[in-house]
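Line order of the protein sequences matches chains R and W.
This note's numbering numbers the first residue of the first sequence as 20 and each following residue consecutively.
This note's numbering numbers the first residue of the second sequence as 86 and each following residue consecutively.
Rather than coming from a laboratory, the hints here were simulated on the basis of the structure.
Cβ coordinates follow ideal geometry from the N, Cα and C atoms, glycine included.
It is possible that part of the hints are untrue.
[Unchecked claim] Derived contacts from chain W toward chain R, CB cut-off under 10 Å, selection only:
#1 L148
#2 Q182
#3 A244
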Amino acid sequence: MTTASPQFPAALPAYDPLARISAGDWLKKNLFGSVWQGLLTLITAAIFLRFAWFVLDWGVINAVWYTSDPDVCRAAAGACWAVIVEKHRPMLFGLYPYDEHWRLVLMMAIYLVTIVVSLMPRNWNLRLLVPLWVIAVVSIGVLMFGGVLGLRYVPTSEWGGLPLTMLLFTGTVLFGMPVAVLLALGRRSPLPVARGVSVVFIEALRGVPLITILFVAVNVFPLFLPAGVEVNKLLRITIGIAIFFACYQAEVIRGGLQAIPRGQYEAAASLSLTYWQTTRRIILPQALRICLPAITNHIIAAMKNTSFVIIIGLFDILTATTAVMQDPLWRKFYVEAYLFVAGVYLFFGYALSLYARKVEGWIASGRI
Amino acid sequence: MTKSTSTLNAGDPVISLHNVSKWYGQFQCLHNVSLDVGKGERVVVCGPSGSGKSTLIRCINRLEVHQEGQIVVKGLEMTDNIKSIDAIRRNIGMVFQNFNLFPHLTVLENLTLGPTLTRQMKKADADELAMHFLRKVRIPEQAQKYPLQLSGGQQQRVAIARSLCMEPEIMLFDEPTSALDPEMIKEVLDTMIELAQSGMTMIVVTHEMGFARTVADNVVFMADGRKIESAPPEEFFGNPREERTRAFLDQILKH
Ligand SMILES: Nc1ncnc2c1ncn2[C@@H]1O[C@H](COP(=O)(O)OP(=O)(O)O)[C@@H](O)[C@H]1O
Ligand SMILES: [Mg+2]
Chain R
20 MTTASPQFPA ALPAYDPLAR ISAGDWLKKN LFGSVWQGLL TLITAAIFLR
70 FAWFVLDWGV INAVWYTSDP DVCRAAAGAC WAVIVEKHRP MLFGLYPYDE
120 HWRLVLMMAI YLVTIVVSLM PRNWNLRLLV PLWVIAVVSI GVLMFGGVLG
170 LRYVPTSEWG GLPLTMLLFT GTVLFGMPVA VLLALGRRSP LPVARGVSVV
220 FIEALRGVPL ITILFVAVNV FPLFLPAGVE VNKLLRITIG IAIFFACYQA
270 EVIRGGLQAI PRGQYEAAAS LSLTYWQTTR RIILPQALRI CLPAITNHII
320 AAMKNTSFVI IIGLFDILTA TTAVMQDPLW RKFYVEAYLF VAGVYLFFGY
370 ALSLYARKVE GWIASGRI
Chain W
86 MTKSTSTLNA GDPVISLHNV SKWYGQFQCL HNVSLDVGKG ERVVVCGPSG
136 SGKSTLIRCI NRLEVHQEGQ IVVKGLEMTD NIKSIDAIRR NIGMVFQNFN
186 LFPHLTVLEN LTLGPTLTRQ MKKADADELA MHFLRKVRIP EQAQKYPLQL
236 SGGQQQRVAI ARSLCMEPEI MLFDEPTSAL DPEMIKEVLD TMIELAQSGM
286 TMIVVTHEMG FARTVADNVV FMADGRKIES APPEEFFGNP REERTRAFLD
336 QILKH
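Please model the entire structure based on the sequences and the hints provided.
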């Protein structure tokens with residue numbers, strides 16, 4: 020028997036992370052590595068091209084962009100974007116009186132400026148933010164309600180569309196986040212009462228569908244109020260959505276709290292910081308940073324839950340569109356209308372995602 | 086004059102433990118430990134791992150709660166009373182094995198947090214105080230960095246400076262050099278030696294016997310939750326009374 024000479028593996032090709040490969044090599048390696056892979060590539064490409072062609076053909080080439088005559092749209096083979104031009108005001112502003120729509124446009128401008136300014140870290144000081152928000156809340160209130168300065172009074176039952184969606188969403192987050200933090204802290208509190216209340220609250224409300232909570236907020240809650248006291252329906256439903264949001268968010272934040280090592284609490288205690296000083300200055304800043312991606316997730320979900328205002332007969336942008344599309348002349352073009360609404364949601368949702376990603380970057384680089 | 090000093094006579098110990106016992110569930114981790122520490126005295130606590138050293142000093146500022154016996158700090162007994170806990174903690178600084186710096190705050194913010202929040206110091210004064218102690222531990226140039234950008238030795242010195250910013254009368258150290266690479270141990274020990282020379286009352290849990298020899302007034306040996314022996318360093322190292330102490334010293338000094 021001959022002794023087998025040891026087999027050395029052929030030297031591995033040196034890995035050079037900066038090496039450039041030619042386009043041809045890349046294609047060969049990533050798309051046509053084997054017969055099977057090549058086949059899959061071709062099928063995928065075919066499906067994609069077919070879809071892209073449809074979008075182009077339907078959405079652009081044969082589309083009708085501008086007409087006030089629905090028959091022109093019916094005659095065309097493509098999309099009827101004209102329906103959006105024709106119906107954008109009731110879709111965007113719901114039941115709000117037609118002649119007062121300029122107030123909503125102004126309100127949205129103030130709203131967006133306030134939000135954008137508030138989201139920039141360089142503006143994070145109270146001497147700017149407090150006056151800004153006071154001015155914003157007062158002027159938005161005046162614009163929406165009216166009744167002063169010669170503006171016609173518009174009750175909340177006539178509010179609707181995108182401004183309503185914005186207000187509900189903002190109310191949900193502004194009211195829901197602090198409640199979520201308190202619930203999360205309560206659930207980990209050394210005080211049995213705080214812990215008990217938080218656990219029951221979170222578990223009970225997480226266990227039922229949102230629609231049930233809103234039904235209670237709208238129809239059952241008033242029965243517990245003393246006679247003569249009335250809480251605005253819109254406020255009640257905002258609180259309902261916010262509390263539902265808070266219960267989910269509380270569990271996310273609790274996860275962040277659990278990730279904080281015990282040594283942080285001990286160091287704070289040895290500096291004789293109080294519970295609230297420790298929580299506010301040491302624990303929460305770290306915990307919220309840790310769970311920011313999950314927090315963002317629930318905030319985006321909350322934006323879409325605002326559509327539930329339908330149950331008190333209010334028309335947010337989605338419901339307003341459904342209502343508008345009852346118009347027999349234009350009913351056929353509901354797909355285009357809903358695509359438009361989807362675009363509005365996508366715009367805000369994606370803006371939130373982008374912002375959250377930016378915040379994560381700022382945190383990673385130690386800027387905040 | 087605050088209450089914490091009014092009951093104290095000259096010559097009384099600043100820290101006095103009397104028959105302190107503690108249990109974790111069924112497991113008793115401190116058995117009737119008594120210890121007196123006078124003003125300016127430096128006590129080194131050593132003993133095998135799990136012998137209750139950390140638990141003992143953590144009871145002194147109530148990071149752990151003892152169940153039996155008495156702990157008196159500057160004439161004030163440690164009880165459930167939140168006021169007495171707070172008053173005692175204000176007199177005690179603590180340095181941990183893992184530094185426990187606040188990673189989301191700069192070094193300077195780590196140092197000024199305590200003074201501004203619990204001593205109502207103005208920010209400018211707190212900054213000045215912080216820089217004073219950063220110079221003492223010889224890293225003033227790191228003030229604007231975040232803790233995780235520093236070496237372990239630097240972090241531990243920041244932690245010492247953070248405690249000193251509370252201007253405590255007593256400092257507790259729980260194995261302050263055990264998490265450090267060998268080349269960084271000296272810089273931390275040097276800082277501690279300087280602190281000892283300034284007259285600080287210190288209880289130091291450590292296995293650095295060189296430090297114990299140079300600095301300690303008393304060395305305490307613990308095993309199985311009991312204080313086995315306590316003596317000045319010459320006697321403790323030169324002529325230990327207990328068999329267990331001798332065995333421990335043999336083991337630790339061999340390396
Ligand atoms: N939180 C705890 N729960 C239960 N047992 C503990 C806890 N902390 C410490 N112990 C036990 O108490 C004993 C003393 O621990 P410790 O004071 O940390 O010892 P040392 O600091 O001397 O190494 C050890 O046996 C340890 O396992
Ligand atoms: Mg220990």
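Hints and how they fare:
no.	hint	result
1	L148	holds, 5 Å
2	Q182	holds, 9 Å
3	A244	holds, 8 Å
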